[in-house]
Structure formats: C-alpha cells, structure tokens
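Colleague: Residue strings, one per chain:
There are 2 protein chains.
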Amino acid sequence: MKRRSGVTKPSGFLAGGLACGVKDGKIKDLALIVSDRPAKAWGVFTTNHVKGAPVIVSKDHMRHRFARGIVVNSGNANTANTLTKKAEEGAARMAKAVANNLDCPSRSIFVASTGAIGKPLPIAKIERGIAKLYREISVTGGGDAAEAIMTTDLVKKESHASFNVGKKKVTVGGCGKGSGMIHPNMATMLAFITTDAAVSRAVLKDIVKRASADSFNKITVDGDTSTSDMFIALANGASGATAINAPRGKGYAQLLDKVTGVCVDLAKKIVRDGEGATKFVTVNVTGARSEADARIIAKSIAVSNLVKTAMFGQDANWGRILCAAGYAGPLIDPYKVTVKISGATAYRRGKLVDGFEKRVKPKMMKKNITISLDLGAGKSASQVWTCDMSYDYIRINTDYTT
Amino acid sequence: MKRRSGVTKPSGFLAGGLACGVKDGKIKDLALIVSDRPAKAWGVFTTNHVKGAPVIVSKDHMRHRFARGIVVNSGNANTANTLTKKAEEGAARMAKAVANNLDCPSRSIFVASTGAIGKPLPIAKIERGIAKLYREISVTGGGDAAEAIMTTDLVKKESHASFNVGKKKVTVGGCGKGSGMIHPNMATMLAFITTDAAVSRAVLKDIVKRASADSFNKITVDGDTSTSDMFIALANGASGATAINAPRGKGYAQLLDKVTGVCVDLAKKIVRDGEGATKFVTVNVTGARSEADARIIAKSIAVSNLVKTAMFGQDANWGRILCAAGYAGPLIDPYKVTVKISGATAYRRGKLVDGFEKRVKPKMMKKNITISLDLGAGKSASQVWTCDMSYDYIRINTDYTT
Chain A
1 MKRRSGVTKP
11 SGFLAGGLAC
21 GVKDGKIKDL
31 ALIVSDRPAK
41 AWGVFTTNHV
51 KGAPVIVSKD
61 HMRHRFARGI
71 VVNSGNANTA
81 NTLTKKAEEG
91 AARMAKAVAN
101 NLDCPSRSIF
111 VASTGAIGKP
121 LPIAKIERGI
131 AKLYREISVT
141 GGGDAAEAIM
151 TTDLVKKESH
161 ASFNVGKKKV
171 TVGGCGKGSG
181 MIHPNMATML
191 AFITTDAAVS
201 RAVLKDIVKR
211 ASADSFNKIT
221 VDGDTSTSDM
231 FIALANGASG
241 ATAINAPRGK
251 GYAQLLDKVT
261 GVCVDLAKKI
271 VRDGEGATKF
281 VTVNVTGARS
291 EADARIIAKS
301 IAVSNLVKTA
311 MFGQDANWGR
321 ILCAAGYAGP
331 LIDPYKVTVK
341 ISGATAYRRG
351 KLVDGFEKRV
361 KPKMMKKNIT
371 ISLDLGAGKS
381 ASQVWTCDMS
391 YDYIRINTDY
401 TT
Chain B
1 MKRRSGVTKP
11 SGFLAGGLAC
21 GVKDGKIKDL
31 ALIVSDRPAK
41 AWGVFTTNHV
51 KGAPVIVSKD
61 HMRHRFARGI
71 VVNSGNANTA
81 NTLTKKAEEG
91 AARMAKAVAN
101 NLDCPSRSIF
111 VASTGAIGKP
121 LPIAKIERGI
131 AKLYREISVT
141 GGGDAAEAIM
151 TTDLVKKESH
161 ASFNVGKKKV
171 TVGGCGKGSG
181 MIHPNMATML
191 AFITTDAAVS
201 RAVLKDIVKR
211 ASADSFNKIT
221 VDGDTSTSDM
231 FIALANGASG
241 ATAINAPRGK
251 GYAQLLDKVT
261 GVCVDLAKKI
271 VRDGEGATKF
281 VTVNVTGARS
291 EADARIIAKS
301 IAVSNLVKTA
311 MFGQDANWGR
321 ILCAAGYAGP
331 LIDPYKVTVK
341 ISGATAYRRG
351 KLVDGFEKRV
361 KPKMMKKNIT
371 ISLDLGAGKS
381 ASQVWTCDMS
391 YDYIRINTDY
401 TT
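Respectively, the protein sequence lines represent chains A and B.
Taking the working numbering, the leading residue of the first sequence gets 1, the next gets one more, and so forth.
Taking the working numbering, the leading residue of the second sequence gets 1, the next gets one more, and so forth.
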C-alpha cells in the first residue's frame, strides 16, 4: 500500500506521476502537485541567461497572488527548441491544461521541465497525460511525482519534517531531482516544497531565499548551471495552525528551520546521486575575511576536476586542494593556511605535517570525506557539498541526447 | 644524429636534459637552457595566489637586467612543501648551481619546477644533476630539454620559425609542457622561447604579453590554474641582425608574428596532448559586444565538462553549448544566438535548423571539431582551444601523487 510521503506528507496536498510518452519505454515523465485550496507561493529560478520557457512562464505566474499547483515534465527541457513564443506557448498550455481541471486561472499553476535542451516539446502527449493524471492524483502520490521528475537520477528524492505551532502539527514535505548539470547559482535544480503552515507571502519569500542559500546553493556536481533550475514552495495553511505573518518569533524560526532541513536533505540526496558519484565530499572553509570569500574558495575546491578525480582515486592530494583555493580569486596567504582531510592535518601554516599520508589513508576509503581549509585570515566560514568524479561520469555524459 | 631543434634552433643557445633522480626510473627530470651571452628576458607567471617557490624566485630575478639561462626540474613543483624561505632557498640554490658554472650572478638564471605540489624537493640530487648537465649541454640539446620538462605529457613539444631582418636570418625557437592543470590566466604552463633577435627589454616585454594573450591564454584543458605556470622568452641578439628597439616597423611586426606563431604552435600541442584527449576543439565566439564578453563565453563553453564529455561521445549536443554560454556571465539573448558545430548550423536565432543531426554526424567523427557561436549582439570575437574529456582523463588523475 502506498503511504504519504514527500510533497503529499503535509495536509491538503495531492500529487501523482505517470508516463505520458515524452520519454521512451513507459518511464514516468509527468508529475502534478496540487493544493486542495489556494496556497501562498514563492520560487527561485536559474540565473542562466538562456532560460527554459517554463522558467519564463513560472516567473510570470509567481506574480499572481495564489498558487494551486505545479506541473512538471521530464525528458525534455522545453528550452531553446523553437521561437520564444512557441516554447512559452507550450509551457503555458501545460499550465492551462491543469487550470482547466482545477477551474482556476492558468496563473495559479507553475510549470517546470527538465531533460535535453533543444528538442521540440510533444505538447499534445503532455496535454493528454495531464487529463489522465488529474484523475489519479492522491494524498499518497508524492512518491510517484518524485519519480516522474527524474532524468539521470538513479534514486527518487523526498524528504519531510514536522513541528508544532501551539497544539497544531505543521508539516513540511518536498521532492527534488538532479544529478548532472548541477551548479546552482541563486536558484537550484528542480525542487518543490509543500507545507500546510499558514504563512504570509512575504515570510514565505524570506524563508525560500534563506533555505535555498543554505542548501541548494551549497552544492555542485559538475560546475554547469542549468537552464531549467527552479525551486518552488507552496504553503496552503491546511494545518489549521496560527498564521506566521512576520519573520520573527518561534513559529517563524521553526518553519525556517524545518524548510531548511528538508532542503538540505534533498540537496545532499542530489549530491549523493551525482552522476557517477562514489563519495560524498563536504568542503569546509574557515578563517576567511568574509563569508563571500569562504564560499568562493569552497566552491572552487568543490568544482575542481582534479580534486574530484583525486577523491575518486582515494588519493589525499591536498596540493590540488590548496591550488584550487589559490586560483579561486580572493587573496589568500598559503603560509597562513591549514589543510585537513577527514580530520588528518596535511599542511599547517606553510609546513608539511609528518605522518599525514599514513593517518589519512584509511579515511580515504570511506564514503564520506571532509576537506577542511582554514585560511587564518578572519572569522568567516562557508560549506559546500559535492561528489567525486568517476569513469561513470564520463559514461553517463558521452551520449545523452542521441 | 641529433639535430638543432626547439630552444636550440636560434644561434647562441645551448640546452640539455637528463635524469637526476627527482622522478623514479631514470626518466629525464632536469633541463637547462643557456644563452652563450647575456640575453634580454621577460616572463609572465601564474596568477594563482598559491605560487611555487620558483615563481617567486624567477619573478624576482626578472628585475635583473640580463639573463643567461633557465633551469627546470619536473617531478616536483617545489610548491607549498615547507616554510616560505626554505622552498625559496631550494629554488635559489638551483639558480646558484647554474650561475656558479656560468660565472654569472644567480639573478641571471630563471628557475621553474613542475610536478606534484607539497613534496619536499630533493635539492642535493638536483645540484649534482646540474653539475653533470652543465657539461652536457649543446646546440642540439633542445629536444632533451623539451623531454626533461614533461610530466603527464605524452609527447614533447617544440616549435620554431624564422624570418629575415635585412640579410640576417633571425630564428625563434621554443619548448613547452603541459597536459593537466591547464587553465592559464594571464600566464601559462611552462613554456620557454629563445630567439637570436636583438631586441630591447621593453619590446620583448610587449611581445611576450601580446604573444601569450594570443596563445597560452586561449587554451584550457581542465579549468585548474596551476601554481607553477611560467612563460619566459630569452633574446640574445646572436643573429647579428639590427636591433628592434621600438614596437613598430617591419622587424617588430615579424618578430611578434613569429614569436606568436611559435607560442600558438606550442599551445595547440599542449591541448592536443591534454590528459586523455581524443579531440581538438576550437571554440569561436563572434557577434559579441566586447572582446572580453566573447572570451568569457568561449572559455565557459571550452571548460564545461558536459560539453567536453559530449565531444568525446561524438554527440553534437549543442544545447549544452548554449547552456554554458548562458551561465558564463555576460548577458546574452538566446533568440539572437546562432550555434554551429563544424560548419553545420544547429540553431539560428531562436529556431532549430532541420537536418542538423544528419549533417553534423560525419563531422563529429573527425579529430578536429569547431564550435561556433554568434551572439548577434555586436562585432567582437574571441577564440579558445580545448580538448574533449574521456575515461583516460579520470584514469590519469585518480592516482597522481601516490
């Protein structure tokens, strides 16, 4: 029997997923998430100048006061595949097909697409799929929706968390996808969060921005920022809990904490499922002059192919780590830097540490590796999560479109 | 019988290379290039904030009026391996060992090191090697020097060109190394140019800057900017040709042209020998608002793992190309962009071009691929050279230090 999970864990949300024929071989490729009542919504989107039509349409729809649902297809990014208006027309038709069933304005529906860039969108198949899927959505359909948004993902990604506001239980649920072309910048891959909290639009915006900065914007798989990144949160108030209308107080703090927790969980799941990944690597940069410096340096290390291939080879090549910190941009003094791998110190303030290779060797065999760099220049810090780079990364990406 | 080649093609230069024991297995690891008379010199160096000791020492020595030679070891980058002064001491001792033999100041000698970062430098072996190598250098030793600076390189890289100033023949020669950690920024990997032209220091500086901008700064293999990048030119006047003392006139134009030509040849050889490379990829960006925009976008495409793995898979995935252009930074309008691969148009101003896949298929099997992006926004252009990314890239980099 199916259970409530992910986006259908909070009250008042229905979802589902099915195969409508965008992908070959009856693999699920269409997902629908619906709130049974008007919800507040906020989203963040890719900063790539080449934006998928769904990004353009969804950003426009976000200006509407309420949202009722999110429709997503995988297998086709609906990006750069035709003249502007035709691609947007396709995305708009997806929203309209859902809105017709819900008897709400098209602008209450968000649209997302993920898959190959530059392929014509089979909109008729999708419209037929939406008509069918609308009849199938349910409170246990979160898992099917999570499955239907996958592309090169090997596992579906869901998460949830709860807390109490007074005596009312408030739940946050979510699903996400992403495995390659993962280097979010001010936005993310595809991730959708639902909550039955009652919250004002302004507070939801605040929470979405903070939560994505602390989760999706901290991950990188391959340094490529997608054209289709989108993270949307829907809050429908179905918990019956007191409304959170200002960014302060216990209810706000708890909602921020739980939404962030769900986002971090989804973000880490995306990294663990990174194309070809065999290791989960945490990069901690401390002792920086500013948080921005720390973040830039941590991302430079996390995205370096040479660091990532060394991790795959279980080679504690800290020289490549220091090198990637050095070319990141912010000025660093290598003679104040300390480099550790999974707790073993390789280099302390300009000096090699004896016995490092012996101490680090068993730690490199583990699935989780932590790279720590203290810059010795200030008190700011940042953290980034990434994966290693293996033969399978090459295999997966050598023949994706054909 | 050995012939004059590379850095010993111009008159008045001697060179050689031997195995001194930095690398295991009697593989050549020490190179020496000497001018038989004081030469003018100029160099450009890595912009990485973590600099190898040889970079620090060579930048200091460049302030000296004349240069007599360049000593290089491979197998150890002499970077971040001990306290500042000790590492610099090692580099200074390499210069001094050469200077003692040449009876010139240490500051007349440039030092370069390439190899793993963070390993103690076996300076005593290198000093013994220099004493031996000094007795072996000759006018046919350019090839041995080119071989001795290799690390993961599969082939040695030499080039030369000649022209006449009046009735005197002037020759430019060079050697270079590089295969991974190649993403030069204002500087380059290791490359050394010699010429018997007579030229003022100011003109040589001008030529080095222009030639490196048009060659080494246009290549990328893996996006990692090394700690040890260095490009040095020596001009000793041994041709007897009239001196070139101003950046104008036919002699200047020819010298700039030939030095640039030798640098471009070495740069392309480095890309062709990129770690695991099976293809040589030229990225042309045209129609940009500025040359800087064009260069940033071309580099973003050239360094994208998703573009590079597609090229390895002979997959004409132009969507990834457009995507990488979109996140590069400069504002682009995808509906004004045209994308071609090896002459076949995939996408023209927002519209798919019919028959692209059929037309491009035979072109993807070739060793040389050209990616062309016209932004439709202006008249500026830039070009970058890169290689594809294969299984061998992973193999080579998974176990380098141990």
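Take these hints with a grain of salt, some might be off.
Said to hold, decoys possible - Straight-line Cα separation of at most 27 Å, DSSO-like style, residue types lysine-lysine; simulated pairs:
| hint | chain 1 | residue 1 | chain 2 | residue 2 |
| --- | --- | --- | --- | --- |
| 1 | A | 132 | A | 23 |
| 2 | A | 132 | A | 168 |
| 3 | B | 23 | A | 23 |
| 4 | B | 125 | A | 358 |
| 5 | B | 59 | A | 351 |
| 6 | B | 168 | B | 125 |
| 7 | A | 269 | A | 358 |
| 8 | A | 351 | B | 23 |
| 9 | B | 119 | B | 209 |
| 10 | B | 96 | A | 351 |
| 11 | B | 361 | A | 119 |
| 12 | B | 168 | A | 361 |
| 13 | A | 86 | B | 96 |
| 14 | A | 86 | B | 23 |
| 15 | A | 96 | B | 361 |
| 16 | B | 351 | B | 363 |
| 17 | A | 358 | B | 86 |
| 18 | B | 59 | A | 361 |
| 19 | B | 59 | A | 23 |
| 20 | B | 351 | A | 23 |
| 21 | B | 250 | B | 167 |
| 22 | B | 119 | A | 358 |
| 23 | A | 119 | B | 351 |
| 24 | A | 336 | A | 361 |
No wet-lab data here; the hints were simulated from the structure.
Colleague: Now tell me if each hint is right for this structure.
Modeller: Now for the hints, and whether the structure bears them out:
With a CA separation close to 17 Å, the supplied pair residue 132(A) and residue 23(A) stays within the 27 Å bound. For a cut-off of 27 Å, the pair hint linking residue 132(A) to residue 168(A) is broken: about 35 Å separates their Cα positions. With a C-alpha separation of about 52 Å, the suggested pairing of residue 23(B) with residue 23(A) is violated against the 27 Å cut-off. Among the hinted pairs, residue 125(B) with residue 358(A) is consistent with the structure: their alpha-carbon atoms are about 26 Å apart, no more than 27 Å.
For the given pair, residue 59(B) sits about 23 Å from residue 351(A) by alpha-carbon distance, which is consistent with the 27 Å threshold. Our distance criterion of 27 Å between C-alpha atoms is broken by residue 168(B) and residue 125(B), whose separation comes to about 42 Å. Taken as a hint, the residue 269(A) and residue 358(A) pair is broken in the structure, with Cα atoms around 31 Å apart against an allowance of 27 Å. Pair hint residue 351(A) plus residue 23(B) holds up; C-alpha atoms about 23 Å apart against a cutoff of 27 Å.
Between residue 119(B) and residue 209(B), the direct Cα distance comes to roughly 32 Å. Violation of the 27 Å bound is thereby established for this hinted pair. Distance check on the hinted pair: residue 96(B) and residue 351(A) sit about 24 Å apart at the alpha-carbon level, within 27 Å; holds. At roughly 17 Å between alpha-carbon atoms, residue 361(B) and residue 119(A) fall within 27 Å of each other, so this suggested pair holds. Taking the CA atoms of residue 168(B) and residue 361(A), the gap is about 61 Å. The hint is violated against a cut of 27 Å.
Restraint check: the Cα-Cα separation between residue 86(A) and residue 96(B) comes to about 70 Å, which exceeds 27 Å; the hinted pair is violated. For a cut-off of 27 Å, the pair hint linking residue 86(A) to residue 23(B) is broken: about 61 Å separates their Cα positions. Our distance criterion of 27 Å between C-alpha atoms is broken by residue 96(A) and residue 361(B), whose separation comes to about 38 Å. At most 27 Å may separate the alpha-carbon atoms for a hinted pair to count; residue 351(B) and residue 363(B) meet this at roughly 22 Å.
Between residue 358(A) and residue 86(B), the direct Cα distance comes to roughly 24 Å. Compliance with the 27 Å bound is thereby established for this hinted pair. About 37 Å separates the Cα atoms of residue 59(B) and residue 361(A), which puts this hinted pair outside 27 Å; it is violated. Of the supplied pair hints, the one linking residue 59(B) and residue 23(A) is violated, its CA atoms being roughly 58 Å apart against a limit of 27 Å. Between residue 351(B) and residue 23(A), the direct Cα distance comes to roughly 23 Å. Compliance with the 27 Å bound is thereby established for this hinted pair.
With a C-alpha separation of about 14 Å, the suggested pairing of residue 250(B) with residue 167(B) holds against the 27 Å cut-off. Distance check on the hinted pair: residue 119(B) and residue 358(A) sit about 15 Å apart at the alpha-carbon level, within 27 Å; holds. Under the criterion of a C-alpha separation no larger than 27 Å, the hint pairing residue 119(A) with residue 351(B) is consistent with the structure, at around 11 Å. For a cut-off of 27 Å, the pair hint linking residue 336(A) to residue 361(A) stands: about 25 Å separates their Cα positions.
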